[in-house]
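Visitor: Two chains, two frames, a set of hints: combine them into the complex.
Each chain is listed here by its residues.
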Amino acid sequence: MNKVKTIDIFPLMGITLLLLIILEVFMTTLFPIVGLTSFRLPLHVFLVLFLAFNIDTPYISIMILVVMLVHSLFTIESWAIGTATGIFVLIILSYVRGVLHLSAPLVTIVVTEFFLLLWNLISSILIYFRYNNLDIILQRLWVFIPASIILSLLAPLLFGQLTRIWQGRMVKNSAGDL
Amino acid sequence: MDIRDDRGRRLKLFWNFVILVTALFVLAKQEPVVEKTSPFDAFLIDILTPLQSSVSGSYLEVRNFFQHYTLSVNASKENVKLQSKIEDYQKRLFHVSEIEKENERLKSLLDFVQEREEQQVFAQVVAYDASSEHKVIRINKGESSGITLHSPVVTSLGLVGYVSRVTAHYADVLTLFDSNNRVDGIISRMRTHGIVEGDSGGRCIMKYVPRTRPLVLGDIVITSGLGRIYPKGIKIGVVSEIERDFYGSSQTIYVTPSVKFSEIEELIVLISPTEENKKEQVDEEVKK
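Residue numbers (our numbering), protein chains in the order written: chain A, 31 to 208; chain B, 14 to 301.
Keep in mind that the hints were calculated from the coordinates and are not lab data. C-beta atoms are modelled at their ideal positions from N, C-alpha and C, and glycine is treated no differently. It is possible that some hints are incorrect.
[Stated by the list, open to error] Below, a list of computed lysine-lysine pairs in the BS3-like style, where the Cα atoms sit at most 30 Å apart:
1) K248(B) x K273(B)
2) K114(B) x K248(B)
3) K35(A) x K25(B)
4) K94(B) x K120(B)
5) K273(B) x K220(B)
6) K25(B) x K33(A)
[Stated by the list, open to error] Partial chain A-side listing against chain B, Cβ under 10 Å, derived:
7) S108
8) F159
9) I166
[Stated by the list, open to error] Anything over 12 Å on all C-beta distances counts as not near chain A; from chain B, calculated:
10) E100
11) S110
12) L123
Looking at chain B on its own, in the form it has when it is part of the complex (with noise of 0.2 Å):
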């Protein structure tokens, strides 16, 4: 056997072993949903993110321009100058069409917003998460916005998630789509607790309710506030189905969200204030 064979077989066992065993600890040791980025990491992302907000940005552009060129490939001059003018009224009409739901829609995050207390933060979706069983979303703002780790997220529909990695200009939002991600909930007209985690097809599922409580379709589930990181009193979704066994000490209530996950647009990051803010507050109080 040649010499240099065996060392080189030696090494890579070696290597095999010790990334295998780091990968195997930090797997064991990581906290599942929230990860602390590394500078190296986070300067990374802020690179690349701007890609992705640059792609998902020029694909309508070029939509456009392959639009408007194969329709006007075959036609004459005039036909052309007549389109265009129409083209171009359309994508103004389309435009203002557009420009008249983002207003209503922000009028209504604004509606949103105003009755609570914490302070807000507005994001827009730049890109969704690399692997197709993780619901996450990457929104365009960071911890130079204010947002930290475990910041709520939500539009004025209700709850998105909340904040589970974050960047000085970028965050990713895992929502509550996601099978990581649990909201201590409770039915807003019996007040009963459930946790609601992510589910397959769109929906969530709320477990721990007791059998013996009547709920019906249409209940609307809510935030109940313990858990510390999401406020209290934010709509979840309506209860689309109800399991019940003829055993076991609970029932299976599949929950639909209020938000729809390929539907998100802008969002609203809530900050709550931090200790030292709540006494710097309380210190201005005081002072007036």
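So that you can see chain A by itself, here it is in the shape it has in the complex (with noise of 0.2 Å):
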């Protein structure tokens, strides 16, 4: 868990965001084109367990409150659905992250996928809830399940890439200015 300066949120979220921003534009288009016209990456997902596993800010909430406003720009899905299941998710994390330790690859793979599932899970009650329609959770299940591990293979990968990111600006083991 590494801290990070308030101030340096700002620059750090500008350069995550442009990157969903491309991802996202990337595989609105071309995932289509190539025939893969119902299979996309929650790529917004990753980006939000990332930012749960790794920083350590108070501004966490509002930091995946953003991410989810600009993956709302590219789906008719609420923001609402996103933001309340990251922060759930945020929440169950701070129970078991003493326990969690994300230095060899197949234990990045194995609690990356737990996570993505479980935010499947949380996602789906408050559907169900919403709209009182349990078709559409099995629907979401069966998309989500093969890209879930899709992108747990590549997050080994993906996180060192964000760390490389976000690295300079970490503060591991010692305080930030909070």
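Guide: Below is the structure:
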């Protein structure tokens, strides 16, 4: 867990959001062109998990909200579901963080897959409460499982790259400004 | 315990609580499928969608470039010249056949729209929704072309969906393949009503059809005109599977839509005349 100074959050979030926008643009245009009309990688979820795993700041929930707002520009999915789910996952993560050490690639893959599925479960419960429709949940699950497996397998590599972006500003085991 | 750590923890708890409550409140209050776009959101979408449009447009160019490069890398100069000539002719041929196909599609669209009284706006698909579970497409026309929320969208083959989000130059169309979209449909042959919803596998499901109605495979389903979104008589699809349980008062009908989600390229947004426009038209006719 790494502390980041509040002032450093803005440029880093800017780069992270730019990355998200570029990936979303490519995913919403190139995937359908090559025939993948029903397959998307939930990269916004992955980014939120990266922030939740690695960044220690009081404003983490605001960062999740911003990621979800940017994602909502590319989808009709409400930002509210993703934000609420992200914060629930954040709360759960705060209880198990002590036993999580994402040092080995295999551990990173398994932990990421677990939290991606947890994300899907929580958001499905919220959708069920909101729309009272069980079919949507099953449909979501079938599409989400293969995407989550691919993302988990890529997790060690992608986490590594994202950590490299944030690395300079992280202050490991020492105090930030809060 | 460090005082700064404790302050940080309390601040984190505060923000977590505030944003969670806000998100849950918005989730509870939000319309399920229609989103009023804020000016800021509309501004960002108008900036980002040309990016999507240019990426999808340049894809073919890039592919052609790489194909050409890999084909000609091992060939002699003469062969390259001949090859490039052939490729040039092939490209032209391909281009002509694409234009021919587009022409046919536009002709059929034109035939279709001439039969309708609503104002029509032709549009092209520029991107798809970022979530795999939503069947939403983004088109290159928006409010500046007269498109409003809830405007029905069709092709010459039949119904596509309706506009669920609109900005000045772009709009999102919630297709009938999406489970959030519900259309009041009727079986054309028997005039039996039912609700058509998006289902998996590129099909729709028609609910609440009384089990006493003797439907057959191939029956055509059209819009009923109820619900104030879709005009009456637009083809939705054909009945492709019928499930009758031993109990219950209704049967489950699977409908294969006339349009295919992955093959939608050009489409028409139908714009009903507003009350003001209708009054203006009546006034003009009275003056004449």
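Visitor: Are the hints correct? Go through all of them and say.
Guide: Status of each hint after checking the structure:
For the given pair, K248(B) sits about 13 Å from K273(B) by alpha-carbon distance, which is consistent with the 30 Å threshold. At roughly 22 Å between alpha-carbon atoms, K114(B) and K248(B) fall within 30 Å of each other, so this suggested pair holds. Under the criterion of a C-alpha separation no larger than 30 Å, the hint pairing K35(A) with K25(B) is consistent with the structure, at around 14 Å. With a CA separation close to 38 Å, the supplied pair K94(B) and K120(B) exceeds the 30 Å bound.
For the suggested pair K273(B) and K220(B), the alpha carbons sit about 21 Å apart, so the restraint of at most 30 Å is met. Using a Cα cut-off of 30 Å, the hinted pair K25(B) and K33(A) holds, with the two alpha carbons roughly 13 Å apart. A least Cβ separation of about 6 Å between S108(A) and chain B falls short of the 10 Å threshold, and the interface hint therefore holds. Hint on F159(A) holds. Least Cβ distance to chain B is approximately 9 Å, under the 10 Å limit.
Because the smallest distance between the Cβ of I166(A) and any Cβ of chain B comes to about 5 Å, under 10 Å, the interface hint for this residue holds. Look at E100(B): its CB is around 21 Å from the nearest CB on chain A, clear of 12 Å, so calling it non-interface holds up. The beta carbon of S110(B) sits about 19 Å from the closest Cβ of chain A, which is more than 12 Å, so the claim that it is off the interface holds. The claim that L123(B) lies off the interface holds: its Cβ sits roughly 26 Å from the closest Cβ of chain A, which is beyond the 12 Å cut-off.
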